[in-house]
Amino acid sequence: MASQQWRDRLRQELDRQGLPSEYVSRLVEELSDHATDILQENASMEAEYVDNQRMGSPEGLASFARSQFQRRTFAGRHPLLTFLAGPIFAILGTLVAICLTVFFVAWLMDCATGGTLSANDELGLPPSVFEMRIVQAVNLVVRFIPFGLSAWLFARLGDRAGLRLWSVGACGIITLMAFLFSSVVRPASGQAPQMWIIGVGMNFDLDQVWQATMPLALGLWLIWQHLVERSKPIAI
Amino acid sequence: MTIKKTNPDFLNGVPELLVLQLLDRHPMHGYDLVQAIRETSGMKLDFGEGCIYPVLHRLEHQKLVSSRRETVGGRSRIIYRLTKAGRTRLAESVATWKDVVAAVGRVLQGGEHGKPAMA
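Chains as they are written, first to last, in our numbering: chain D, 1 to 236; chain Z, 1001 to 1119.
Here are a few chain D residues that face chain Z, going by a calculated C-beta distance under 8 Å:
hint	residue
1	Leu27
2	Leu31
3	Phe64
4	Gln68
5	Arg72
If you anchor each label on the Cβ, the simulated ranges turn out as follows:
hint	chain 1	residue 1	chain 2	residue 2	range
6	D	Thr36	Z	Ala1085	29 to 39 Å
7	D	Glu29	Z	Val1014	21 to 31 Å
8	Z	Gly1110	D	Val228	51 to 61 Å
Keep in mind the hints are simulated off the structure, nothing from the lab. Note that beta-carbon positions come from the ideal geometry of N, C-alpha and C, so glycine has one too.
Same shape as in the complex, but just chain D (with noise of 0.2 Å):
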């Protein structure tokens, strides 16, 4: 059997390379038991010689197995692209379909209604309470769920593929979309009907805040992680 000395060792080095402890315990087994065959074919080798000399040091390996780990999925294998523009697209495409279905859905309810909502808007009628909480929770929705599903999806990707470090990047591009955010529902008053505007824009008011809030805080835990497990002593 390999050491305990190296095993702990290796252990630590994996974990320091940020490598899931589910890939962790099955690699750290499997080279244990290939130093026990080791070591039962040649009796009379030293362990120490075996752990160093045939398995390879903790730090080659553990930088080796990260590397396979990276391999294994498409943000190990293009980091610039999923971490970088990855956060762009993903932003984009979540508020463009959550539109979409909005929109949907409303024809959907127009459809059900026999055209009662926009036979409203035809006459130039207000919109009902009901119309207006509607508009005021989509505001909500398309405020907060893009750059919170994008920030935990990257952290996920991350996660998965070994690069923490990437993903408080995509964290970061998050953050300052969501700063620069803007979706107003204007109440109507006046001969001004309700408005609901969105756009993109510097007056950084506290509801911007608010939206950066969710992204923001992943990437400070995904940092804080990082620095946890650096911080971690190394087994001598």
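Please build the complex by placing chain Z on the supplied structure of chain D, with the hints as guidance.
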């Protein structure tokens, strides 16, 4: 068959090629694979034996090999087998490797461009 213009997996693909080729003969566990590589290469290929497992795990994730825990010689082992997708990949990798070897061979032997420009 022409070789791809960019092939970043060229050197990384060597351990993969060896593993797929050996598993094509019969299912094996990691230790057997390493011994098979050593013996069939006439002890010319020497490497940290632990490196075989990250390669196997990646190939398993890519569904090129499958694994199953079995009891062999009284011990529980993870036995790796080549899948159908693995066989297809092996055929592609062997063809690419032969092309690369042939191309390098032509360069080493020297051709039109190998002759000195001035006598």
